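Once you've looked at the hints, go ahead and assemble the two chains, each given alone in its own frame, into the complex.
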Amino acid sequence: MKARVHVMLKDGVLDPQGAAVKHALGALGFDGVDGVRQGKVIELDLADGATEAQVGEMCEKLLANTVIESYRIEVL
Amino acid sequence: MKAAVIQFPGSNCDRDMAVALEKSGADVTVVWHKDAALPKGVDLVAIPGGFSFGDYLRCGAIAANSPICNAVVDHANAGGYVLGVCNGFQILTETGLLPGALLRNAGLKYICRTVGLKIETSNSAYTEGYNAGAEIGVPIAHHDGNYFADDATIAALKGEDRVAFTYSDNPNGSRGDIAGILSENRRVLGMMPHPERAFEEAHGNTDGQRLFAGLMAQLASA
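Protein sequences, first through last, are from chains A and B.
When we follow the UniProt record's numbering, the leftmost residue of the first sequence carries the number 1, and every step to the right adds one.
When we follow the UniProt record's numbering, the leftmost residue of the second sequence carries the number 1, and every step to the right adds one.
Here chain B stands alone, though its shape is the one from the complex (with noise of 0.2 Å):
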């Protein structure tokens, strides 16, 4: 499985994503915002976390216009699979990927702190290796993780089985509780938490894993 992590001027999360998906055995080339094209026969692109271009404007407005983001959304409208984590969420939704947009928190407050989540669906590659209804651990750290859409989107979201994950104790006033929803075709999941942090042994929580071994899986046998 290829993988390619995309890096922007602000991006801190690149290495923890790149670790976690060559730990899976993917094989992974990490690719500037400046490039305009994906490496060949890239399956996977992940969106890592961080603070993309100083956050300025909007969060992810203006890495979702980065020549590469061009190339992201042609991937994902060709079928292919995207992971955005984080600022990664923010930028799958400026890019309209995924549709909502992520506010500021309910609270004002940067929360960085591990959160229950709750997974509504098993019904992706994602989110195949656990059970629906199960409760997991997965670290957040953000400042704008307020999911936000209208009510015909949470609507059509929640009718059409699209929201991977929602807290257990909503921490920053998203809707519904939202904390990751997937696109219509099932291969581009948004994410708040960081699935790349609760990974290894060392994290003190290995909950994530599973999100990459599904992930794996399925596009090993694409």
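The following block holds chain A by itself, in its conformation from the complex (with noise of 0.2 Å):
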């Protein structure tokens, strides 16, 4: 099995990135981005047996911090 986990800053936490990134598309001449928010995603390929909800522990151990990021899980 392989889960693919997407993690992003929480609404209402300042993303200096994602803010750069807008900036350099309105410097390339795209208008029509109100905003861009930046995350990442961790793909796991998973040994036979492992689930859903060990991911989940997973994410709140390590893969995200949950004081200022959010996950979504995506069983593949």
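These are calculated hints, taken from the structure and not from any lab test.
You may find that some hints are simply not true.
Unchecked claim - Listed next, the stretches of chain A that the computed footprint assigns to chain B, with coverage defined by at least 3 CB atoms under 8 Å from CB atoms of chain B: (1) 13-22; (2) 50-64.
Stated by the list, open to error - 25 Å max Cα-Cα, derived BS3-like pairs, lysine-lysine: (3) K34(B) / K61(A); (4) K2(B) / K40(B); (5) K2(B) / K23(B); (6) K40(A) / K109(B); (7) K23(B) / K40(B); (8) K158(B) / K10(A); (9) K109(B) / K22(A); (10) K61(A) / K22(A); (11) K40(A) / K2(A); (12) K40(A) / K61(A); (13) K10(A) / K34(B); (14) K22(A) / K10(A); (15) K34(B) / K2(B); (16) K118(B) / K158(B); (17) K40(A) / K10(A).
Values in this document were obtained by computation on a predicted structure and should not be read as measured data.
Heads up, the beta-carbon is just placed ideally off N, CA and C, and yes, glycines get one too.
Quick look at the structure:
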């Protein structure tokens, strides 16, 4: 089983990298972008028997810092 | 006073920290991150600056889950003193010993220079050698020093007099200009600026000395 974990900064947490990307898009003439949020994607190649609940534990313990980040698990 | 300086792959201020503690009179042991226990009788654990584990995933995240950090958390929970500087502060927030998190600097740049630091409280072993309200100069050297916590946490830190230092001229976007905070029992301090780099005459600035001297005085009598 494979799982993909999407980690994003929570709403209300400043994302200076997203803001810089938005600025760069504007500089390239892409005027239609109102906001950019940058996150990360982590792909897990899981051994047989691993469960989505375990991936949740991995997110809580290491993959995301829930003080500032939210996560979403996608089982592939 | 017995101190342990924790060394991770990528730590780069471990030696400066050990020298500052030794010159202040501490008996210092450098402890490798794979060790599961601290040396017996340690009073203070210092987590130095650097780029533990290459800052992979998030600054301090992997270090916070290393074997030695379980022992550091136990030490703190048993009332022990812990000082985290720069990457050490990031690690302390990742372990949950201190609230909040350190985000990328608002200006996106790595900043390495001496900044003005206001002493917000003298009510801690770390800051008792300073007068509250005084301003000192201490170097910062970080890319991710932008302190973030939710409104309730910031209000609690302020209400409980747990903000140790604020920036005179906020360099990184930290909420409330916060540069360093204390735990509830005031024995765990996390700060982004480097007091161990403002310690000797040769550094050109000795404003950080009193932090170590205060700590030493407090722990010598303990």
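For each hint, the structure was consulted:
1. 13-22: That given contact holds, which follows from 5 residues of the region 13-22 of chain A lying within Cβ reach (below 8 Å) of chain B.
2. 50-64: holds (count 3)
3. K34(B) / K61(A): holds, 19 Å
4. K2(B) / K40(B): Status holds; Cα separation ~9 Å.
5. K2(B) / K23(B): Holds, because 13 Å separates the two Cα atoms, which is no more than 25 Å.
6. K40(A) / K109(B): Distance ~20 Å between K40(A) and K109(B) Cα, so the pair holds.
7. K23(B) / K40(B): holds, 21 Å
8. K158(B) / K10(A): holds, 23 Å
9. K109(B) / K22(A): holds, 17 Å
10. K61(A) / K22(A): violated, 31 Å
11. K40(A) / K2(A): holds, 17 Å
12. K40(A) / K61(A): holds, 17 Å
13. K10(A) / K34(B): violated, 33 Å
14. K22(A) / K10(A): Holds: K22(A) and K10(A) sit about 18 Å apart, inside 25 Å.
15. K34(B) / K2(B): holds, 20 Å
16. K118(B) / K158(B): Holds, at roughly 14 Å.
17. K40(A) / K10(A): At roughly 13 Å apart (the allowed maximum being 25 Å), K10(A) and K40(A) satisfy the hint.
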